[in-house]
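Protein sequences, first through last, are from chains H and L. Just so you know, we're using the numbering used here here: the first sequence kicks off at 18 and counts up by one. Just so you know, we're using the numbering used here here: the second sequence kicks off at 1359 and counts up by one.
Check the hints yourself; a few may be wrong.
Said to hold, decoys possible - Result set (DSBU-like, lysine-lysine): computed pairs, CA atoms no more than 30 Å apart in a straight line: (1) L:Lys1386 / L:Lys1360; (2) L:Lys1419 / L:Lys1386; (3) L:Lys1405 / L:Lys1386; (4) H:Lys54 / L:Lys1405; (5) L:Lys1425 / H:Lys54; (6) L:Lys1419 / L:Lys1405.
Said to hold, decoys possible - Away from chain H, derived, C-beta distances all over 10 Å, residues of chain L: (7) Asn1363; (8) Glu1364; (9) Ala1370; (10) Ile1371; (11) Val1375; (12) Val1382; (13) Asp1387; (14) Val1435; (15) Gly1450; (16) Gly1463; (17) Gly1517; (18) Val1565; (19) Arg1580; (20) Ala1584; (21) Ile1614.
Simulated from the structure, these hints should not be mistaken for lab results. Glycine included, C-beta positions come from ideal geometry on N, C-alpha and C.
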Amino acid sequence: MSANTIRVLEPFIALGRFFLLLARAFRSLREVARYWKNIFEQMVHIGIESIPIVALAALFSGAVTTVQTAHQLVSPFIPVSIIGAVVVPSVVLELGAVVTGFLLAGRVGARIAAELGTMRVTEQIDALEAMGLNSVGYLIVPRVVAGVLMFPVLYVVACVVAIGGGIFVGHYTGEVPAGEFIAGAREFFRPFDATFGLLKSLVFGFVITAVSCYKGYYTRGGAEGVGRATTEAAVTSCVYLLLADLVLAATLL
Amino acid sequence: MKYSNELKVGLAIAIAVVAFVLGVRYFKDVPLFTGQYDMYTEVADAKGLIPGNPVRINGVKVGSVRKVHFEQDRNLVRVDFQVNRDVVLPQGTTCTISGIDALTGVRIELELGDPGNPRINPGDVVPSADQDQDFASQLVERAPLLVDQVDSVLFGIEGTIGDVRGLIGDPDSDLRTSMAALRSSAVTLGDLLREEKSNISGILTNVNAVSSDLSAITSQQRDSIAMAISRLNGAMNSMESTMSSLESTTGQLDAILARIDDGSGTLGKLINDPALYNRLDSLVTGLDELLADFKKNPRRYLREMKIVDLF
């Protein structure tokens, strides 16, 4: 094959490699008991240690959404309780999951890619294989499982903090009293929004960890390759996260 | 104390699950810890009710609508709703769907029955009190008052009718004579119309024919009429210019007359100066005398004219 043909086919090769890696990971799922400890370790790294930064980002996004919605409502005929009715669904549907996803694409995705990339270029992965350990089961499955399990937790944290921040800021800037905010939110609340947000966060957790594992696992080219893999992991995770967001919204809403 | 990873993860997930469930219940506006039980009602018109709308008693929310479902075979809308466990609905409770869709949101209002009655069992139907029945009950409440009013009105009408009857019964009353006159006028008018019916219709036919003729003529002669009008227009225009020149002539004449009147110029002097007249008069008199003299003895003059004979 000529070099040009390979360049055209490169995305498909990458896609195929990604899904083969996923298939290997699924096969390794039955060995999950063996890597139990790893899973919990990753859950703490991915989930628990991300709570502060997620909470901070959510606090500000909720507060900003509230203030800006209040700023946009200039008509005296619209009750201020509408602010609650706008902020809560936007947080629950979109901001809670997407802001968390972006943060974790940077924080978790880069970390995973750097870890696996370094292990790859220092031939630790080869060493694991040589010792007879399933490297996919040992390295990738715990991270992806931890991502899928902990992302919804982070999503809930983000929603609670964002709505709390919105109510707090709205109340203390005098834009909307807390009672009005909650009354408006209750008026237009649909439980499916929350379920949908939870589902989104689950998918995002999977997308970010799987893409980052793929980028790290197939790193080449020494220290520079590790750097490149880290960057690509963060950027590609964000792109696929947005794509997944659109696909979910278009199919389920 | 060092916490194990398992404990951290377990705690985080447990707290998240609780926060999620409580958060959803909180924003669904159902009580966080007490349960609810199901009831349903059947109405003819759901008035835009949707799941999540509140169920209220005396304006306080006690539950929410769970499902609104149209039953085709019975042409009814079945509304399932939930009521908080601490609220007991006694027998005789009815419900109404009220509120305006866009303004306040639609809701179910429960009207509690006699508290002494046994409760309606969970899962049973709460009968709906439609607006029509409401109106009927209002009517029943107000009926005695209404009857009194109707009575007094009828009494008044009765008196009036008695008066009118008296008026009509009296053979000398004005009303009676007016009526009679009116009747005879009407009869006359009717007769007149009947007699002249053919004439009137003939007149109308003629008018019709005339107007249609007129219209036909007009449409036939449209071109020549237009031409005549345009010529007339031209004549008017030239007349206008004539008028203006006449006007200027008159103005000049005016000026001349003014000068004559003034006494300036030959004509003016002739008219105004008596001296000239006197001189002319004396000249004519002199000329007269000269002619008389000439007739009397022409020799005197002809001798002088011998020079003329030379020619």
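Evaluated hints:
1. L:Lys1386 / L:Lys1360: violated, 39 Å
2. L:Lys1419 / L:Lys1386: Answer holds: Lys1419 of chain L to Lys1386 of chain L is near 12 Å, not above 30 Å.
3. L:Lys1405 / L:Lys1386: Holds, because 21 Å separates the two Cα atoms, which is no more than 30 Å.
4. H:Lys54 / L:Lys1405: violated, 58 Å
5. L:Lys1425 / H:Lys54: At roughly 46 Å apart (the allowed maximum being 30 Å), Lys54 of chain H and Lys1425 of chain L break the hint.
6. L:Lys1419 / L:Lys1405: Roughly 19 Å between the alpha carbons, so the hint for Lys1419 of chain L and Lys1405 of chain L holds.
7. Asn1363: violated, 4 Å
8. Glu1364: violated, 5 Å
9. Ala1370: For Ala1370 of chain L, whose nearest Cβ neighbour in chain H is about 5 Å away, the distance does not exceed 10 Å, so it is violated.
10. Ile1371: Non-interface label fails for Ile1371 of chain L: nearest chain H Cβ at 6 Å, not farther than 10 Å.
11. Val1375: violated, 8 Å
12. Val1382: violated, 5 Å
13. Asp1387: violated, 4 Å
14. Val1435: Holds, since 21 Å exceeds 10 Å.
15. Gly1450: holds, 31 Å
16. Gly1463: violated, 7 Å
17. Gly1517: The assertion about Gly1517 of chain L holds, with a minimum of 56 Å to chain H.
18. Val1565: holds, 63 Å
19. Arg1580: Per Cβ check, Arg1580 of chain L is outside 10 Å of chain H; nearest 63 Å; holds.
20. Ala1584: Correct as stated: the minimum Cβ-Cβ distance to chain H is 63 Å, above 10 Å.
21. Ile1614: holds, 85 Å
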